[in-house]
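Asks: First to last, the sequence lines map onto chains A and B. Heads up, the final residue of the first sequence is numbered 317 in the numbering used here, and it's a clean run with no missing numbers. Heads up, the final residue of the second sequence is numbered 317 in the numbering used here, and it's a clean run with no missing numbers.
I should point out that these hints are in silico values taken from the structure, not numbers from a laboratory. Any given hint could turn out to be false.
Same chains, same names: a pair is fine if it fits in one copy or spans any two.
Lysine to any residue pairs mimicking SDA-like chemistry, simulated, CA-CA at most 20 Å apart [stated by the list, open to error]:
#, residue 1, residue 2
1, K146, F131
2, K317, P221
3, K128, T212
4, K104, D139
5, K128, R258
Here the structure is a predicted model, which is why all the values come from computation and not from measurement.
Number of protein chains: 2
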Amino acid sequence: MNVLIVYAHPEPRSLNGSLKEFSVKRLRDAGHAVQVSDLYAMNWKAALDAGDSVAHTTGDRFDPSRASKYAFENGLQSADIAAEQAKLKWADAVILQFPLWWFSMPAIMKGWVERVYAYGLAYGVGEHSDARWGDRYGEGNVAGKRAMLVVTTGGWESHYSPRGINGPIDDLLFPIQHGILYYPGFDVLPPFVVHRTSRIDEQKYVEVRNALGERLDNLWNTAPIPFRAQNGGDYRIPELTLKDDIAPGREGFGVHVK
Amino acid sequence: MNVLIVYAHPEPRSLNGSLKEFSVKRLRDAGHAVQVSDLYAMNWKAALDAGDSVAHTTGDRFDPSRASKYAFENGLQSADIAAEQAKLKWADAVILQFPLWWFSMPAIMKGWVERVYAYGLAYGVGEHSDARWGDRYGEGNVAGKRAMLVVTTGGWESHYSPRGINGPIDDLLFPIQHGILYYPGFDVLPPFVVHRTSRIDEQKYVEVRNALGERLDNLWNTAPIPFRAQNGGDYRIPELTLKDDIAPGREGFGVHVK
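Model the full structure from these sequences, guided by the hints.
Replies: Here you go:
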């Protein structure tokens, strides 16, 4: 199978750097093809702007989604964006690996999402009517592909627990796992999270590496997070609120998981 | 009073651009001093890297927080970072204004947070012991200042409602309001959110502008979101989980609001 690792850390000699190298080797040793988008090494342009389309004429009013649609449909996207989209298309599974900075992905990776996720590729896909609200949240152009987060944090596991002060890690990752990965169609596997990175000695590192290795070995047979499909009958359309008899009386991110 | 508006939109002739201009005028007309950090216009560098410290020697292993601490303490930060920190220090209130892209702030603004929020300024502040876990979440260097989000979305309000498919807007903004604003000490006001931006005609625009104007007029007397202070007795230290008798039996982001 083909695996794309999108990776964001500025220092190759970091825990993240080591784990990324480990993942590449583990997957290749198992017979998979691997490509890595090492965003810092690529000097990835983070800011979405008018320059992302070679069609944009200076002086025109820039509408991000309209410009993205036009450029995507007409082969007028900047080359770095088109190259990443080709990797996405090639991949059977995508791993996003990053340190949690201020409770989300690093800016450089957010910029990868914003620029690579073109209108027509990741959003604005499919029929929008009274019966359907586009092919998204369980349908879309990357349906059938798998995705997984590999995330490191400086804080303790308890700080990210259900009653921990930072908020539960699953909720912090929901905008990424549900909003960025499930939205265009990925099957999203449970995340691999390493906490308290400053206290990882050699013994602990071996444990972490082995646990990650096991997750990679099971990339194809791990059950995805059972998010609810938008057009599967659980939601009112076009309000897109859960029907009253689904998770009755409950609210929040958790209700979107079966 | 002094107000800093940190603003991220690539097109001045956008709804966001108009609302930003409106805010500047409204605040100045009320006698306040206003500075704007227009991140796209400034061509703000989004990616945190070794170049953020003029002390970094090529070839050294780059540790983001250690490098940030050293540069901040020794006046060795890059000039763009120091300039934004001076604005933060000057401000009595900070407004972050942005379009919600993929359920969070644009990459260029995330990069403002990552680079301007130095170790010693926004984190790594205060005593870390069995009794205290730093000055954060309600204490810290920006304590006494106010902050507010001004956010636009393309989706409908119902899509962001408590049972809406995107997740409740308050939960989507929690990593920013609690994790980025409350953490270093800001009093965080309820956000000003504009939904379904593609359907804003002239009449609706006047309504939005008036509502925003009212929020700006009341910037100094609006009650902040009552997040729980980390060192106020509600949390076990150092686990930083809520004590059993606080919001008993409940979990998730909501338990951190009184």
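Asks: For each hint given before, does the structure comply? Return the numbers of the non-compliant ones in rising order.
Replies: No hint contradicted; all consistent.
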